[in-house]
Structure formats: C-alpha cells, structure tokens
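Given only the sequences and the hints, what does the whole structure look like? Please build it.
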Amino acid sequence: MTGDSSQQKVYSVSEITRSIKRTLEGRSEFNNLWVRGEIFNLTMHSSGHIYFSLRDDDAVISAVFFRHANRSLDFKLKEGMNVLALGSITVYEKRGGYQINVSLLRQEGIGDLQRRIELLKQKLMKEGMFDPGRKRPIPFFPQRLGVATSPTGAAVRDIIKVALRRYPNIEIVIAPAIVQGDEAPVSIARAIEELNRPEYRIDCIITGRGGGSFEDLMPFNEEIVVRAFYNSRVPIISAVGHQVDHPLCDDAADLAAPTPSAAAELAVPVKKDLAGEVDYLMIRTNNAVSSLIRGLSVRIEGVLGRRIFRDPFEIVNRKEQMLADTVNQMLSGVKGRVSYNKNRFLLIPDIRMIIRNLINIKKHSFVMVLKAMEQLSPMAVLQRGYAVPLDEIDAVIRSVGDTEVGRLIRLLIQDGTLRCIVNSIHPGGDRGKKKDA
Amino acid sequence: MERKKTPKSGTEKPGKIDFEKAIKELEEIAIKLEEGELSLDESIRQFEKGMQLAKSCREKLDEVERKIEILQKGEGGRVSGKQVDVNGDSGEIANDDDLQGSLL
Chain A
-16 MTGDSSQQKV
-6 YSVSEITRSI
4 KRTLEGRSEF
14 NNLWVRGEIF
24 NLTMHSSGHI
34 YFSLRDDDAV
44 ISAVFFRHAN
54 RSLDFKLKEG
64 MNVLALGSIT
74 VYEKRGGYQI
84 NVSLLRQEGI
94 GDLQRRIELL
104 KQKLMKEGMF
114 DPGRKRPIPF
124 FPQRLGVATS
134 PTGAAVRDII
144 KVALRRYPNI
154 EIVIAPAIVQ
164 GDEAPVSIAR
174 AIEELNRPEY
184 RIDCIITGRG
194 GGSFEDLMPF
204 NEEIVVRAFY
214 NSRVPIISAV
224 GHQVDHPLCD
234 DAADLAAPTP
244 SAAAELAVPV
254 KKDLAGEVDY
264 LMIRTNNAVS
274 SLIRGLSVRI
284 EGVLGRRIFR
294 DPFEIVNRKE
304 QMLADTVNQM
314 LSGVKGRVSY
324 NKNRFLLIPD
334 IRMIIRNLIN
344 IKKHSFVMVL
354 KAMEQLSPMA
364 VLQRGYAVPL
374 DEIDAVIRSV
384 GDTEVGRLIR
394 LLIQDGTLRC
404 IVNSIHPGGD
414 RGKKKDA
Chain B
39 MERKKTPKSG
49 TEKPGKIDFE
59 KAIKELEEIA
69 IKLEEGELSL
79 DESIRQFEKG
89 MQLAKSCREK
99 LDEVERKIEI
109 LQKGEGGRVS
119 GKQVDVNGDS
129 GEIANDDDLQ
139 GSLL
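Taken in sequence, the protein lines are chains A and B.
Take the first sequence: its letters are residues -16 to 420, numbered as in the numbering used here.
Take the second sequence: its letters are residues 39 to 142, numbered as in the numbering used here.
Honestly, the hints are just simulated from the structure, not real lab data.
There may be inaccurate statements among the hints.
[Unchecked claim] Chain A stretches covered by chain B per the calculated footprint, using a threshold of three residues with CB under 8 Å from any CB of chain B:
(1) -5 to 1
(2) 77 to 84
(3) 123 to 134
(4) 169 to 176
Ideal placement from N, C-alpha and C gives every residue a C-beta, glycine not left out.
Spelled out as structure tokens, the structure:
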C-alpha cells in the first residue's frame, strides 16, 4: 500500500457518493428496467412506502416502492413471493447504498396466466360466444332477481341494498358460490346453473364479486365459468369489480357492470319512476278524453241553446193555435155564405194540410237533431255522473227492449266500468229502472 | 355449442301481463287520444282499455312481495330456498349466520 495522499486526488465522502450516483443513475440501461426476484425483508411502513429486498440464489438488491407508486398495486405482497419489478436504480447517499426505485410490481407467473386467458378468448370467440348480436336485453322489470356470488362478501350486501332501495318489494334468490380459490370456477358455474332452473322463476341473474387482485378475479376468466354465462337461459349480468382488465365472463354475459352495485342498478328499476310513468300516462289519457268531451259538450249546448230546443212544443202548440184560429175565423167568415162561397170553403182542408206538413217537417228535424245528440252525448254525460250501459258485445243499450231481466250488462262511468245484472225493466221512464250489482 | 334461446313469453302464467308491453300500449293510447282523430265510440273504447292497462300496471308493481331467499343444499343433495331477514331500510342482512356455504 503506497498511501501517498498528496499525489492523488482526495474525495470527500459526499463527493465520491455523488460521483457514484451520477454514474449509476446516468446510465440509460439502469432506467426503467425489469428485475426478477423473490421478495424478502418486506416492510410496510406507516408512511405508506413499502421497503423490501429482491434476491435470487446469488445476489440481493434493495428496493423501495413509494406510496404514490404503490397505489396501483393490485395484489397483496408477501414474503417469498416471486415478482417482476419495473424501476430505476437510484443511490441513497445517506446510507451509501443503491436500490431499485420501483414504479410497477407484477406477480411472476401472471404473464403465463394472461397468455392462457388470451388463448381461451381466441378459442371461445371462434365459437361465437362473444358475438354482440347474441346479447339479450335485460328485462325491463325483473320481479325475481337471482344472485350468484359469495353469501358472505360485500358484493351480496351491496346488491341487496341497492335492489331494495330501488324496488322495496323485489324478490331476491341468492345462490351461494365460492368466488375465490381452486373450487371457485366449478362453484360459480354450478350456482348459475341452479338459478336457471325454471322452478325458481328468475327473470335476471347477477353473477360476480367485489374487486380483488388479478388472481382473485381469475375464476371469472375460467372456461367453465364463461360457458356457464353463455349457457344461461335467463339473461345474466356480469358484476366483477375490476379497474383495468375486464374478466372474460364480461364478454359472454348479456350485460357487464363494473361493480356489483352497478349491476343491481342496471337490473332493478326504480319503482317510484315506474308508478309515476303509469300515473302520467293515465292523466294524459284522461285529459285527452276530457277535452274531447268538452268540445262535444260545447257543440251540443250550442244547438240546445236555440229556441226550438228550449221549448219545441211551445212552437208546435203555437202553430196549432194559429191554425185553429185561422180555421175558426174562416169558418165564421164563411158562415151563411156557404152556398155562394162553397169553392173557397173547400180550400180550407188544403191549408190545414200545408200547415200540418210544415209542422211535421219541423218535428222531423227536431227528431233528427235528438238522434245526432244521442250519438254524441254518452261521454259528455259520463263526466257529469251519468253512465253508459253496454251489452255483452259492447253495444250501447238504447232502449229497455235492448236487454232483458237477468242479463249481465256493463255500466261505463267516467273512470271505469261496473258489471250489473238487470233486476227488472220498467218501460216508459228513466227513473224506475233499478240495477243490482 | 348451441346458441342459447331466449325464454318464451308463452311460459308466462295466464292473466300475467308484460309490464313493458302494457305501458307501451298505454302510451300509444294516450297519443292516439291526444291526436283527437278517433270517433267518439272508438275514443270510449280506447279510454276504457287505457284505464284497464293502467290498473294492471299498478297491480303488477305491487304484485311481488319482498323476499330474500338463499339456496341451500340439504339432505340427498336437494336444494331448497331459505328465507333471509333483511333490516328494514338499510337493506343489511339481519343475521350473518343465515348466509353460509355454497351449492357444491
């Protein structure tokens, strides 16, 4: 060892560390590189940062996974887990060490799973399982909702809560399924099949689970589950909580929701809205008929307002009185002059005839107007509390002769119909008739 | 693999109405009456039909009764439904013990 420090440059610790830092961090291949290794010395710091080391058989490297970066982590880190880390090499001067500053962490083996899913996807696509054209509409108004999921998870509670809030008297049938682990695929498929049995009278099925890691959601990428969705006779909604990649079952479902709650909202209508819609249409129908009736009433009142209709017989009587007067005058005028004015007297019957005819014509037109009114009036009078009687073939009963005692008739009133039996018939007036329901 | 079939509407019980169809028909009646081009007789008929549809729709909305069932596998592998109580407004399942198992 020569140790002649006067001949060589002497660095301070900081200087040499800075130089190392510049060298390491400046190398492009140390930026955004993937490192494969096994996790050990895992520390989840209360600050939210995660510290660990990666190792293989021969070496170790420290790693830091800062809070802002590890938010995207979609699986639980465990000691001994094999991972792929994307990050850059940095030097931490204070400890004189280098480390990998991780920006993304993946579970080793996920790549294989993803390749498997992709292959399955291609295969099932060729079978036409994902054709958009085969997706059926979700029933407008399901009365019995089937739910295939874990009976103890948050998903089932969310679905029940949302469904009952929207439709307080809905019926829900839960088919419990294991949604995680090796048994999950068969269990989920079995639950879907069960809900498809006709005796449950299910209108719509929701199948899924809350969010989880890629591995947690893996059962919903399994062929048996995708096929169960595809084979569901009952329209089915996929409800697997996910943020990035949607599970394969979404493609085979009739509708895919991003969460179980969202699925319940898509499946269940708001009862109040439906009731409001019915009321609104009822009011529109009522108003349309009312305005039609008002229009007709105005027309009828206009016609009835004329003098001849206010007291038709007064006019007839007056004409007859006039006729009688005329005839009397004529008779008294010709009295004593019968022989000499015989020809004129013989004209009198003709005058009588003319006036009679005139009156008949007036009477006839009056009857015509009454008939027209008869056709116009039933709905008008309904509004004032009257009823239209209809027989078995919905023809209006216009006369006591149109029906018989014991016949079933219907009374149409303004807001509905009454079914009645004719108890007795009293011709000649509208007061004596009595109907018993 | 056979393409799955849509459930036939004919399997519905007689007297059961399809709510969606009924409300569509009611809407068509309202529009026809609003246009005011029907004869009085026809208007009465349509009005009567509309009121019947509205009544059926309202009845349909109240027809179901809140019921939460969980399917359970019993003896001999037979599956039966067991009713689960749900807390009034919160929609929370009253008793967690009611929820167990799977159909496997």
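Evaluation of the provided hints:
{"no.": "1", "hint": "-5 to 1", "result": "violated (count 0)"}
{"no.": "2", "hint": "77 to 84", "result": "violated (count 0)"}
{"no.": "3", "hint": "123 to 134", "result": "holds (count 5)"}
{"no.": "4", "hint": "169 to 176", "result": "holds (count 4)"}
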